[in-house]
Amino acid sequence: RLDAFFQVSARGSSVATEVKAGLVTFLTMSYILLVNPQILALAGLDKSRAATATAVTASVATLIAGLCGNVPFGLSSGMGINTMFALTHVKIDGFAPELVLSWCFIAAACLFVLALCRALKYVMAAVPSEIKQGTVVGMGLLLAFIGMKDGGIVKANADTIVEMGPLFSNWHVMLVVGELLLIGALMMHGVKTAILAGIALGTLTCWGVEHSWPGAIAVLPEFLSCFKMPDFHELKLQHVANMLPYLLVMVFDIGGIVFGLGKIAGLVRGENTVKGSIWCYIGAAAGSILGAFMGTSPLIVAAESAAGIKAGGRTGLTAVVVSLLFAASVFLSPVIVAIPLYATAPVLILVGTLMMSEGIEGIDWHSIRVALPAFLTIAVQPFTFSISNGIYFGVLFSFGLWLASGEWARKCPFGQEQGPDPEETTSESGGANGGSVTSSVDTIERLVSYHHSDAASGATTDQQHSYEPPSVV
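Going by the numbering used here, the first residue of the sequence shown is number 822, and it counts up by one from there.
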């Protein structure tokens, strides 16, 4: 029955292979259970409840994508979005967590409606590809900077803003550097559990030196106490500017990652269509809506799902296994809460590295019309500790340079056709309409190569075509 329901044999797989792929995917992406509560705690949220919320929402969202969409993808809280939630909007801007959760709820509800109306491809097409790519790269830099700050690698300086931390005089900092080196070496040799192994070693070291062992290993979760009602009473019209980045980041990330993963799994049909991809958006929206009430940040499709696909996962049965493992992890909150910040800081630096590769090569740096908005989108995020600031800066300069280019006059029905825009390019780096989706395929392939020494060699390099967003089916 499983074979027939999930079309396992029809897709050239087996039930045993799907189960194994689900385990591989979970082990690769389960670091989010450890890192997300640490980040949300910066916003004043309870770490134990955040750990439960992270596991429950990931389980629900992945189950929807697997059962309804029959896709081998795992979903979890998005790295970068959680930073925007905890640091930018709560800790720095001073908004109450309950108010920010209401923004997340509205953004998720909008994503749900757009998915049902099949309007997501128009949203993807409306934003220039360099802004989409720059957003991901900037998020990576922001995460890496936070990891370095939390790990003590950099510290504040009144004259230079930041300076090098005590690398050789503080054992915590030495632990962070050593753990990062270990994780990088393990990933280089294709170890699937490299991130978890690094976190485990760092955690055990801290527990042993500081004698801070957890008081329990597993407890029954109190689900009712996890629910934290969003505050809709304080909503104002100007909050739309704060809510919009959550929606855009979810749309950008899910659209690109789903296509990249679908390409590797052989699920892409004609016209850039991934069969069942609409359920990835719906699953992420449903999980994010639930997360708004439980107290966690919005969800996206995990790029780490590539490891499970490489292990043979081709159907939603892989996602169901991932969902069940996330559900089982809700009982481990005492251990998750006890994990020290120094053990998870290297992971933020590593994730920043992976996100950097996701868009930097797809930007045409030879065209100032593309390069300047992309650079500002990237640079403003870590310099202002705000993802939304980077997006708005990039969009503003992209629009301004579009006006200055005169393209609007050439395309005006009352104007005269004056030939091609000199800034439009069809170079392999993607041009002004560069291939965001194509670069996502390359990025996912590179991610697979981090976890497997026999990385797939079929990543597409056809980036000379203009951007065409993936259809939602």
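There may be inaccurate statements among the hints.
Cut-off 20 Å, straight-line C-alpha distance, at most; resulting in silico cross-link-like pairs (SDA-like, lysine to any residue) [to be verified]:
#	residue 1	residue 2
1	Lys970	Thr981
2	Lys976	Pro987
3	Lys1057	Gln828
4	Lys841	Cys1027
5	Lys1096	Lys868
6	Lys868	Val1089
7	Lys1096	Ile913
8	Lys868	Leu962
9	Lys841	His1187
10	Lys868	Lys1057
11	Lys942	Phe826
12	Lys970	Met1177
13	Lys868	Val1040
14	Lys868	Pro1155
15	Lys868	Glu1055
16	Lys970	Leu1002
17	Lys868	Phe1152
18	Lys976	Pro1161
19	Lys970	Ala1062
20	Lys868	Pro987
21	Lys868	Ala1149
22	Lys912	Pro1203
23	Lys942	Leu962
24	Lys1096	Phe826
Now the in silico label distances, taken between C-beta atoms and shown as ranges [claimed, not checked]:
#	residue 1	residue 2	range
25	Ala831	Ala1018	50 to 58 Å
26	Ala837	Met1050	22 to 30 Å
27	Ala1062	Ala940	52 to 60 Å
28	Ala837	Thr981	50 to 58 Å
Source of the hints: derived by calculation from the structure; they are not laboratory data. We treat Cβ as the ideally placed atom computed from N, Cα and C, and that holds for glycine.
Checked hints:
1. For the proposed pair Lys970 and Thr981, the alpha carbon gap of about 15 Å is at most 20 Å, so the pair holds.
2. A hinted pair counts as satisfied when its Cα atoms are at most 20 Å apart, and Lys976 with Pro987 qualifies at roughly 9 Å.
3. Among the hinted pairs, Lys1057 with Gln828 is inconsistent with the structure: their alpha-carbon atoms are about 48 Å apart, more than 20 Å.
4. For a cut-off of 20 Å, the pair hint linking Lys841 to Cys1027 is broken: about 32 Å separates their Cα positions.
5. Between Lys1096 and Lys868 the alpha-carbon distance is near 37 Å, which puts this suggested pair outside the 20 Å criterion.
6. Restraint check for Lys868 and Val1089: not satisfied, since their Cα atoms lie roughly 39 Å apart, outside the 20 Å limit.
7. With a CA separation close to 41 Å, the supplied pair Lys1096 and Ile913 exceeds the 20 Å bound.
8. Between Lys868 and Leu962 the CA atoms are separated by roughly 25 Å; this puts the pair beyond 20 Å, and the hint is violated.
9. Annotation: proposed proximity of Lys841 to His1187 is violated, straight-line Cα distance about 45 Å (limit 20 Å).
10. Note on Lys868 and Lys1057: the hinted pairing is violated, with a Cα-Cα distance of about 29 Å set against a maximum of 20 Å.
11. With a C-alpha separation of about 29 Å, the suggested pair Lys942 and Phe826 falls outside the 20 Å cut-off, and the hint is violated.
12. Restraint check: the Cα-Cα separation between Lys970 and Met1177 comes to about 18 Å, which is no more than 20 Å; the hinted pair holds.
13. Straight-line distance between C-alpha atoms of Lys868 and Val1040 comes to about 14 Å, which keeps the hinted pair within the 20 Å bound.
14. With a C-alpha separation of about 10 Å, the suggested pairing of Lys868 with Pro1155 holds against the 20 Å cut-off.
15. Among the hinted pairs, Lys868 with Glu1055 is inconsistent with the structure: their alpha-carbon atoms are about 25 Å apart, more than 20 Å.
16. For a cut-off of 20 Å, the pair hint linking Lys970 to Leu1002 stands: about 17 Å separates their Cα positions.
17. For the hint linking Lys868 to Phe1152, the alpha-carbon distance of about 14 Å falls within 20 Å, and the restraint holds.
18. For the hint pairing Lys976 with Pro1161, the CA-to-CA distance comes to about 19 Å; that is within 20 Å, so the pair holds.
19. The suggested pairing of Lys970 with Ala1062 is violated, with an alpha-carbon distance near 28 Å, which exceeds 20 Å.
20. The suggested pairing of Lys868 with Pro987 is violated, with an alpha-carbon distance near 28 Å, which exceeds 20 Å.
21. Taking the CA atoms of Lys868 and Ala1149, the gap is about 18 Å. The hint holds against a cut of 20 Å.
22. Simply put, Lys912 and Pro1203 have alpha-carbon atoms about 15 Å apart, close enough for the 20 Å limit, and the pair holds.
23. A C-alpha spacing of about 27 Å is found between Lys942 and Leu962, which places the hinted pair above 20 Å, so the restraint is violated.
24. Note on Lys1096 and Phe826: the hinted pairing holds, with a Cα-Cα distance of about 15 Å set against a maximum of 20 Å.
25. In this structure the supplied range 50 to 58 Å is violated for Ala831 paired with Ala1018, their Cβ-Cβ distance being about 36 Å.
26. As the Cβ distance of Ala837 to Met1050 is approximately 44 Å, the hint placing it in 22 to 30 Å is violated.
27. Take Ala1062 and Ala940: their Cβ atoms lie about 21 Å apart, and the range 52 to 60 Å is violated.
28. The hint said 50 to 58 Å for the Cβ distance between Ala837 and Thr981, and at roughly 57 Å that hint holds.
Comparing the model with each numbered hint stated earlier shows that hints 3, 4, 5, 6, 7, 8, 9, 10, 11, 15, 19, 20, 23, 25, 26, 27 do not hold.
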